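A.B. asks: All chains should be modelled from the sequences, with the hints used to inform the complete structure.
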Amino acid sequence: MLPNMKEPFFTGRRATVIECLIIIALALVPLFVTFPYRVNIFLSWEGAWRISQGEVPFRDFGSPLGFAYWLVPAFFFKIFGPSMISLVKAQVFLNIVGGLAFRSILRSTGVPVGVRILSVLLYVLSYSFSNFWPWYNNSVIIFQLVGLAFLLCSLKGGKFRWFTLFAAAFFTFLSLFTKQDGGGLALLVALGILGYHSLVEKRWQELAGFIAFYIAVACAFILPFIPYGFGYWFNHGQAPHSSRLAVKDFADEILMGSQWLKFYFLLIVLLLVPALRNRKELWKNKQQMLFILVTLGMLTEAALFQVTSYTPPDNNIFFHSFAFAFILTYLGRLLQFKMEDFKPFVLAALLILLWWSGTFYKYLDRIVGRIFPTAETTVTGGENIITRNTFMINLDTTDVSTSEWIFSPIPVFKNIYMPPSTVHGMDRLLLLPEVKTKGKDLSLLNLTELTPLAAAMGYKEEKGMNIPLWHHLGVGMFNKQLAEYTEKIRTQKYDVVLFEYAPTLNNFFPFALRDELKKNYRQVDSFLAPRRPTNATIEVYTR
Numbered sequence: 062m063l064p065n066m067k068e069p070f071f072t073g074r075r076a077t078v079i080e081c082l083i084i085i086a087l088a089l090v091p092l093f094v095t096f097p098y099r100v101n102i103f104l105s106w107e108g109a110w111r112i113s114q115g116e117v118p119f120r121d122f123g124s125p126l127g128f129a130y131w132l133v134p135a136f137f138f139k140i141f142g143p144s145m146i147s148l149v150k151a152q153v154f155l156n157i158v159g160g161l162a163f164r165s166i167l168r169s170t171g172v173p174v175g176v177r178i179l180s181v182l183l184y185v186l187s188y189s190f191s192n193f194w195p196w197y198n199n200s201v202i203i204f205q206l207v208g209l210a211f212l213l214c215s216l217k218g219g220k221f222r223w224f225t226l227f228a229a230a231f232f233t234f235l236s237l238f239t240k241q242d243g244g245g246l247a248l249l250v251a252l253g254i255l256g257y258h259s260l261v262e263k264r265w266q267e268l269a270g271f272i273a274f275y276i277a278v279a280c281a282f283i284l285p286f287i288p289y290g291f292g293y294w295f296n297h298g299q300a301p302h303s304s305r306l307a308v309k310d311f312a313d314e315i316l317m318g319s320q321w322l323k324f325y326f327l328l329i330v331l332l333l334v335p336a337l338r339n340r341k342e343l344w345k346n347k348q349q350m351l352f353i354l355v356t357l358g359m360l361t362e363a364a365l366f367q368v369t370s371y372t373p374p375d376n377n378i379f380f381h382s383f384a385f386a387f388i389l390t391y392l393g394r395l396l397q398f399k400m401e402d403f404k405p406f407v408l409a410a411l412l413i414l415l416w417w418s419g420t421f422y423k424y425l426d427r428i429v430g431r432i433f434p435t436a437e438t439t440v441t442g443g444e445n446i447i448t449r450n451t452f453m454i455n456l457d458t459t460d461v462s463t464s465e466w467i468f469s470p471i472p473v474f475k476n477i478y479m480p481p482s483t484v485h486g487m488d489r490l491l492l493l494p495e496v497k498t499k500g501k502d503l504s505l506l507n508l509t510e511l512t513p514l515a516a517a518m519g520y521k522e523e524k525g526m527n528i529p530l531w532h533h534l535g536v537g538m539f540n541k542q543l544a545e546y547t548e549k550i551r552t553q554k555y556d557v558v559l560f561e562y563a564p565t566l567n568n569f570f571p572f573a574l575r576d577e578l579k580k581n582y583r584q585v586d587s588f589l590a591p592r593r594p595t596n597a598t599i600e601v602y603t604r
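Here the sequence shown stands for residues 62 to 604, numbered as in the working numbering.
None of these hints come from the bench; they were simulated from the model.
All of these numbers come straight from a predicted model, not from anything done at the bench.
Careful, some of the hints might be misleading.
Claimed, not checked - Now the in silico label distances, taken between C-beta atoms and shown as ranges:
hint: 1; residue 1: Phe452; residue 2: Ser303; range: 47 to 53 Å
hint: 2; residue 1: Gly73; residue 2: Ser303; range: 49 to 55 Å
hint: 3; residue 1: Arg222; residue 2: Pro373; range: 36 to 42 Å
hint: 4; residue 1: Arg340; residue 2: Arg593; range: 48 to 54 Å
Claimed, not checked - Here are the simulated DMTMM-like cross-link-like pairs (lysine to aspartate or glutamate), alpha carbons at most 25 Å apart as the crow flies:
hint: 5; residue 1: Lys139; residue 2: Asp121
hint: 6; residue 1: Lys497; residue 2: Asp556
hint: 7; residue 1: Lys579; residue 2: Asp556
hint: 8; residue 1: Lys554; residue 2: Glu495
hint: 9; residue 1: Lys139; residue 2: Asp502
hint: 10; residue 1: Lys323; residue 2: Glu262
hint: 11; residue 1: Lys347; residue 2: Glu401
hint: 12; residue 1: Lys139; residue 2: Glu522
hint: 13; residue 1: Lys497; residue 2: Asp586
hint: 14; residue 1: Lys541; residue 2: Asp556
hint: 15; residue 1: Lys554; residue 2: Glu522
hint: 16; residue 1: Lys323; residue 2: Glu401
hint: 17; residue 1: Lys499; residue 2: Asp586
hint: 18; residue 1: Lys554; residue 2: Asp576
hint: 19; residue 1: Lys541; residue 2: Asp121
hint: 20; residue 1: Lys549; residue 2: Asp121
hint: 21; residue 1: Lys497; residue 2: Asp460
hint: 22; residue 1: Lys521; residue 2: Asp242
hint: 23; residue 1: Lys554; residue 2: Glu116
hint: 24; residue 1: Lys554; residue 2: Asp586
hint: 25; residue 1: Lys541; residue 2: Glu116
hint: 26; residue 1: Lys475; residue 2: Glu465
Beta carbons are placed, not taken as given, at the ideal position from N, Cα and C, and that holds for glycine.
C.D. replies: Written out as structure tokens, the structure reads:
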């Protein structure tokens with residue numbers, strides 16, 4: 062029997078329960094599935110692993126990023142033990158926090174309940190559901206959303222306003238200390254909101270307080286690490302780091318692409334035309350102005366963030382849910398319809414599920430593929446069949462389909478499948494005489510994406526102010542570190558060296574070190590790296 066249509070269906074506690082169910086239930090899904098080894102996940106692992114082992118950033122390893130990115134994964138390593146699935150659990154927690162923060166932002170900006178629930182559904186489907194691994198380009202946004210939620214709560218006033226203002230400054234700084242570009246944009250959005258608040262209220266205490274709290278938090282996080290080369294490692298545009306701020310890059314990406322962003326911006330401007338007829342009233346309507354500033358701020362951030370953080374290409378899709386909430390709210394006012402009523406809500410929810418079906422269909426596709434297998438490429442008589450699956454010929458004979466990937470018996474890789482070559486290669490590595498005889502005294506240099514091998518094999522990693530956390534030349538390490546590694550290889554410091562050769566990536570692991578290994582070490586094995594496509598190999602060298 063349908064609910065009573067005379068009263069709004071989604072009100073009060075019922076709406077809160079539905080929103081929390083959407084956020085938490087979909088966040089938990091990754092705990093019940095298995096995953097292929099994720100490209101670049103070695104970075105999430107390595108920082109979390111080192112911090113969980115008691116290593117101190119910048120003293121024991123160098124990084125061009127702050128270390129906020131690894132705090133939650135390191136904590137989950139402590140609770141559940143170091144394993145790849147612990148990273149997934151950490152991201153489940155972050156996704157729940159991000160979803161609740163987004164919901165809080167919508168509540169503070171006065172989004173109607175029905176639109177709010179739909180926007181939460183869209184946020185989860187479009188942004189958090191596909192992010193089941195910790196990644197700095199995702200964590201930076203989650204910390205920003207938490208900071209923004211606290212900031213908007215603070216601006217409401219109340220006895221906890223200074224506490225929430227401090228929390229806003231704390232998490233906004235964590236955003237910067239996760240990744241500089243997204244965190245810097247998060248700070249600008251927060252300052253823009255506080256600037257408006259100060260002008261309309263003719264009161265500057267909140268703006269000054271936020272800035273003071275932000276500086277205090279920054280000093281607490283930065284000053285202890287100044288003696289350990291923080292000024293060298295942390296990228297604020299100084300040499301040897303390179304800037305990603307190029308006017309032409311922004312122009313190319315925004316003007317030649319960004320279709321959704323420009324479409325949303327057009328709709329928002331059109332919807333604001335009636336309100337702009339009375340600009341003074343709009344300026345005084347604080348909740349409405351905050352909603353506009355938050356929405357336009359996040360759209361602008363998404364437009365810039367896609368250029369400075371260009372991989373993977375969907376880093377910035379958080380903007381969909383903000384734009385959707387704004388557009389549906391204003392359309393509801395103009396067209397006089399309410400999403401709190403049951404039937405329009407269900408229809409809208411089904412349309413959102415259809416819109417973002419790609420995020421969950423990939424899980425269903427495994428079942429559909431068994432029920433409706435791909436048609437044969439030939440028929441009786443030997444006729445050639447051309448379909449969307451066969452019209453191109455794949456000449457890459459090295460690629461191994463993920464359908465052929467297998468699981469490793471090594472505990473840290475539980476529930477993670479990889480190319481058979483990778484799994485068998487790691488098994489052979491563990492049987493090397495140098496590995497078996499030296500055990501924890503093994504001196505091993507791991508220049509690959511298989512960083513969990515340190516936990517699996519028990520060898521001690523190098524520590525020091527000049528030891529890079531990862532080895533991408535020009536990003537995670539520079540010529541100074543390259544020269545040191547070159548000398549260590551020439552003097553055969555290491556018992557075993559693992560080197561990942563990825564010829565299509567620009568010095569992802571420095572090609573010059575491979576040349577030195579060819580001269581000074583003996584290659585005893587090679588196997589595929591756990592990448593998609595499988596176009597990189599891991600080479601094993603011994604003295």
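A.B. asks: So, for every hint listed, does it hold in this structure?
C.D. replies: Here is how each hint holds up against the structure:
1. Taking 47 to 53 Å as the suggested C-beta distance range, the pair Phe452 and Ser303 does not conform, at roughly 41 Å.
2. At about 53 Å, the beta-carbon gap between Gly73 and Ser303 stays in the expected band of 49 to 55 Å.
3. Taking 36 to 42 Å as the suggested C-beta distance range, the pair Arg222 and Pro373 conforms, at roughly 38 Å.
4. A C-beta distance of roughly 52 Å is found between Arg340 and Arg593, which places it inside the suggested range of 48 to 54 Å.
5. Between Lys139 and Asp121 the alpha-carbon distance is near 19 Å, which keeps this suggested pair within the 25 Å criterion.
6. For the hint pairing Lys497 with Asp556, the CA-to-CA distance comes to about 12 Å; that is within 25 Å, so the pair holds.
7. At roughly 15 Å between alpha-carbon atoms, Lys579 and Asp556 fall within 25 Å of each other, so this suggested pair holds.
8. Our distance criterion of 25 Å between C-alpha atoms is met by Lys554 and Glu495, whose separation comes to about 14 Å.
9. For the suggested pair Lys139 and Asp502, the alpha carbons sit about 24 Å apart, so the restraint of at most 25 Å is met.
10. For the proposed pair Lys323 and Glu262, the alpha carbon gap of about 32 Å is over 25 Å, so the pair is violated.
11. Between Lys347 and Glu401 the alpha-carbon distance is near 24 Å, which keeps this suggested pair within the 25 Å criterion.
12. For the hint pairing Lys139 with Glu522, the CA-to-CA distance comes to about 19 Å; that is within 25 Å, so the pair holds.
13. At most 25 Å may separate the alpha-carbon atoms for a hinted pair to count; Lys497 and Asp586 meet this at roughly 16 Å.
14. As the CA atoms of Lys541 and Asp556 are separated by approximately 23 Å, the hinted pair is consistent with the 25 Å bound.
15. Distance hint between Lys554 and Glu522 is fulfilled; the C-alpha atoms sit about 13 Å from each other, no more than 25 Å.
16. With a C-alpha separation of about 29 Å, the suggested pair Lys323 and Glu401 falls outside the 25 Å cut-off, and the hint is violated.
17. For the given pair, Lys499 sits about 19 Å from Asp586 by alpha-carbon distance, which is consistent with the 25 Å threshold.
18. Distance hint between Lys554 and Asp576 is fulfilled; the C-alpha atoms sit about 16 Å from each other, no more than 25 Å.
19. Pair hint Lys541 plus Asp121 holds up; C-alpha atoms about 17 Å apart against a cutoff of 25 Å.
20. About 18 Å separates the Cα atoms of Lys549 and Asp121, which keeps this hinted pair within 25 Å; it holds.
21. Between Lys497 and Asp460, the direct Cα distance comes to roughly 32 Å. Violation of the 25 Å bound is thereby established for this hinted pair.
22. As the CA atoms of Lys521 and Asp242 are separated by approximately 33 Å, the hinted pair breaks the 25 Å bound.
23. For the proposed pair Lys554 and Glu116, the alpha carbon gap of about 22 Å is at most 25 Å, so the pair holds.
24. Between Lys554 and Asp586, the direct Cα distance comes to roughly 19 Å. Compliance with the 25 Å bound is thereby established for this hinted pair.
25. Proximity of Lys541 to Glu116 is assessed by CA-CA distance (about 22 Å); at most 25 Å being required, the pair is judged to hold.
26. Restraint check for Lys475 and Glu465: the C-alpha separation of about 17 Å stays at or below 25 Å, so the hint holds.
The structure does not agree with the numbered hints 1, 10, 16, 21, 22 stated previously, though it agrees with the rest.
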